[in-house]
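Chain by chain, the residues run as shown.
There are 2 protein chains.
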Amino acid sequence: MTKAKPVRSSALSNLEPEPAAEVGQNRGARWSLVETHILEEATSLFAGRGFASTSMQDIAGAAGLTRSALYHYFANKEAVLSRLVSDGTAVPAKELAKIRQRTSLDAVEKLRAMAYTIAYQQATRPDRFKVLVLSESELPESLSKAYYDGRRLVLKEVSAVIEAGTRAGVFRPVDARVAALGVIGLCNWVAWWHRPAGETANSEVARTLAEMAVASLAQADPDDQSAPLSTTDVLGMIKKDLAKLEHLLG
Amino acid sequence: MTKAKPVRSSALSNLEPEPAAEVGQNRGARWSLVETHILEEATSLFAGRGFASTSMQDIAGAAGLTRSALYHYFANKEAVLSRLVSDGTAVPAKELAKIRQRTSLDAVEKLRAMAYTIAYQQATRPDRFKVLVLSESELPESLSKAYYDGRRLVLKEVSAVIEAGTRAGVFRPVDARVAALGVIGLCNWVAWWHRPAGETANSEVARTLAEMAVASLAQADPDDQSAPLSTTDVLGMIKKDLAKLEHLLG
Numbered sequence: 531m532t533k534a535k536p537v538r539s540s541a542l543s544n545l546e547p548e549p550a551a552e553v554g555q556n557r558g559a560r561w562s563l564v565e566t567h568i569l570e571e572a573t574s575l576f577a578g579r580g581f582a583s584t585s586m587q588d589i590a591g592a593a594g595l596t597r598s599a600l601y602h603y604f605a606n607k608e609a610v611l612s613r614l615v616s617d618g619t620a621v622p623a624k625e626l627a628k629i630r631q632r633t634s635l636d637a638v639e640k641l642r643a644m645a646y647t648i649a650y651q652q653a654t655r656p657d658r659f660k661v662l663v664l665s666e667s668e669l670p671e672s673l674s675k676a677y678y679d680g681r682r683l684v685l686k687e688v689s690a691v692i693e694a695g696t697r698a699g700v701f702r703p704v705d706a707r708v709a710a711l712g713v714i715g716l717c718n719w720v721a722w723w724h725r726p727a728g729e730t731a732n733s734e735v736a737r738t739l740a741e742m743a744v745a746s747l748a749q750a751d752p753d754d755q756s757a758p759l760s761t762t763d764v765l766g767m768i769k770k771d772l773a774k775l776e777h778l779l780g
Numbered sequence: 531m532t533k534a535k536p537v538r539s540s541a542l543s544n545l546e547p548e549p550a551a552e553v554g555q556n557r558g559a560r561w562s563l564v565e566t567h568i569l570e571e572a573t574s575l576f577a578g579r580g581f582a583s584t585s586m587q588d589i590a591g592a593a594g595l596t597r598s599a600l601y602h603y604f605a606n607k608e609a610v611l612s613r614l615v616s617d618g619t620a621v622p623a624k625e626l627a628k629i630r631q632r633t634s635l636d637a638v639e640k641l642r643a644m645a646y647t648i649a650y651q652q653a654t655r656p657d658r659f660k661v662l663v664l665s666e667s668e669l670p671e672s673l674s675k676a677y678y679d680g681r682r683l684v685l686k687e688v689s690a691v692i693e694a695g696t697r698a699g700v701f702r703p704v705d706a707r708v709a710a711l712g713v714i715g716l717c718n719w720v721a722w723w724h725r726p727a728g729e730t731a732n733s734e735v736a737r738t739l740a741e742m743a744v745a746s747l748a749q750a751d752p753d754d755q756s757a758p759l760s761t762t763d764v765l766g767m768i769k770k771d772l773a774k775l776e777h778l779l780g
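As they're listed, the protein sequences go chains B and G. Using my numbering, you'd call the opening residue of the first sequence number 531 and step up by one each time. Using my numbering, you'd call the opening residue of the second sequence number 531 and step up by one each time.
You may find that some hints are simply not true.
As the list claims (entries may be wrong) - Partial selection, computed: residues in chain G whose CB lies under 7 Å from chain B:
#	residue
1	Leu-575
2	Phe-604
3	Val-621
4	Leu-635
5	Val-638
6	Tyr-650
7	Leu-664
8	Leu-669
9	Leu-673
10	Val-708
11	Ser-746
12	Val-764
13	Asp-771
14	Lys-774
What the hints assert, rightly or not - Derived lysine to any residue pairs resembling SDA-like cross-links, with alpha carbons at most 25 Å apart:
#	chain 1	residue 1	chain 2	residue 2
15	B	Lys-660	G	Leu-772
16	G	Lys-660	B	Ser-616
17	B	Lys-607	B	Lys-686
18	B	Lys-686	B	Ser-667
19	B	Lys-769	G	Lys-686
20	G	Lys-686	G	Leu-673
Please keep in mind that the hints were generated in silico from the structure rather than gathered at the bench. Positions of the beta carbon are idealized from the N, C-alpha and C atoms, including for glycine.
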């Protein structure tokens, strides 16, 4: 452990929490703002020098907080990392579960919403996800379990929607696990190439990838479905084509 | 630097190269086999303890070679890492360039072949790629440049094929860079979830992902193409439908 050093006064000292007695009442927007600030600074430190070589003193220094102020927010370094793990795995897994349970959406709409959710998160906070992947081998045992459990849950949610879509005939028959991991990769990889931009640019990237995810599995053409065409199907197609021709000829 | 220690005799000592005088003639299959073995062992060490904390002595020990034998294959640790970088970036970029230049393939077939190439490589040697991504920040300057240049080349090749496909009307109109990065992510992510299995399982995974990559961008339906249909187009469609009907009626 690094020995505690006095922290120089900082432009961010106004982020220090209210005295302990008031903390309970004040856990609102401001508390959450400071927490996010601490998590961002901790992410940079963990990414730069590794989890093991980062102390609470380092995090306090980077965040411009005194050590004692930092301890109001996080009991120890493991608590910081634990929060990064749950934000990066269990929290998105819960969001995906909510999407899967929405009865108003069909499988295509659910997959689109799931892919958008994952891609948008990576576009907005690429470093948060990268640091987890980079620190996989460094995670303490209990967090390592939470991390892999959370990732498994994400996979389970995406797989379930793909399976449902395949049964409903809107997705091609595929190995749902491989397909889900493909979709997750399509979206996760954003963390490696996208520099967080404005809200519009982030959501534009997420939208493009979500459309790709859906298209990657959608039944391309009803003609391709395994059921063979009947004479009635083909007559229907000809009628549609004739209507188009009629429209073109005015 | 770790001080050189005498290396205990090893079951792999038969991998040591021939005496120097014969080396030139023997750079064939056996040389390449030993090189691959060294690169695999170095990959594990770099992944486990980082590039900076790994010495040539460590690599020699892990590979069951004497230090002097190891130096026949690689002049120093940077040469080992340099080879991992080029195998992971410049070499696949060259393979993709060859695919792009094949005049017998259309854009769909080229994208399928490119995605298969990337996914198959990640399925076969996931650790090689992961260690590069994990060591990005640790790479010496010259290798860092080679690494990012190689990755940019991969992106350039995939983007070029997507652009050509969009112009030809076989791919949807998309931001080619975002779409290419999506395809690359779909394929690269394999390194994080696939345990290398037999040849059949690896290529099955690569085939599934390559099909997803193509479908993610393919024009779902010729009706959706931006160019409006002419009366001739529709007459052609009706003729095709009539031929189908004729076939169905025997």
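So, going through the hints one by one against the coordinates:
At a threshold of 7 Å, the smallest CB-CB gap from Leu-575(G) to chain B is about 13 Å, leaving the interface hint violated. Using the Cβ-Cβ criterion of 7 Å, the hint placing Phe-604(G) at the interface with chain B is not satisfied: the shortest such distance is roughly 25 Å. For Val-621(G), the interface hint is violated, the least distance from its beta-carbon to any beta-carbon of chain B being 20 Å, above 7 Å. Among the interface hints, the one on Leu-635(G) is violated; its C-beta lies about 20 Å from the nearest C-beta in chain B, farther than the 7 Å criterion.
Checking Val-638(G) against chain B: minimum C-beta separation of about 12 Å lies over 7 Å; hint violated. Because the smallest distance between the Cβ of Tyr-650(G) and any Cβ of chain B comes to about 13 Å, over 7 Å, the interface hint for this residue is violated. The beta carbon of Leu-664(G) comes within 6 Å of a beta carbon in chain B, closer than 7 Å, and the hint placing it at the interface holds. For Leu-669(G), the shortest C-beta to C-beta distance to chain B is roughly 14 Å, which exceeds 7 Å, and the interface hint is violated.
Interface restraint check for Leu-673(G): the shortest CB-CB distance to chain B comes to about 18 Å, outside 7 Å, so the restraint is violated. Given hint, Val-708(G) at the interface with chain B, holds; its Cβ is 5 Å from that chain's nearest Cβ, closer than 7 Å. Of the supplied interface hints, the one on Ser-746(G) holds, with its beta-carbon coming within about 4 Å of a beta-carbon of chain B, less than 7 Å. A least Cβ separation of about 5 Å between Val-764(G) and chain B falls short of the 7 Å threshold, and the interface hint therefore holds.
Interface hint at Asp-771(G): satisfied, since its Cβ lies 5 Å from the closest Cβ of chain B, which is below the 7 Å cut-off. Because the closest C-beta pair between Lys-774(G) and chain B is about 5 Å apart, less than 7 Å, the hint holds. This hinted pair does not check out: Lys-660(B) and Leu-772(G) have alpha carbons roughly 56 Å apart, beyond 25 Å. For the hint linking Lys-660(G) to Ser-616(B), the alpha-carbon distance of about 23 Å falls within 25 Å, and the restraint holds.
Annotation: proposed proximity of Lys-607(B) to Lys-686(B) is violated, straight-line Cα distance about 30 Å (limit 25 Å). With a CA separation close to 23 Å, the supplied pair Lys-686(B) and Ser-667(B) stays within the 25 Å bound. For a cut-off of 25 Å, the pair hint linking Lys-769(B) to Lys-686(G) is broken: about 45 Å separates their Cα positions. A C-alpha spacing of about 20 Å is found between Lys-686(G) and Leu-673(G), which places the hinted pair at or below 25 Å, so the restraint holds.
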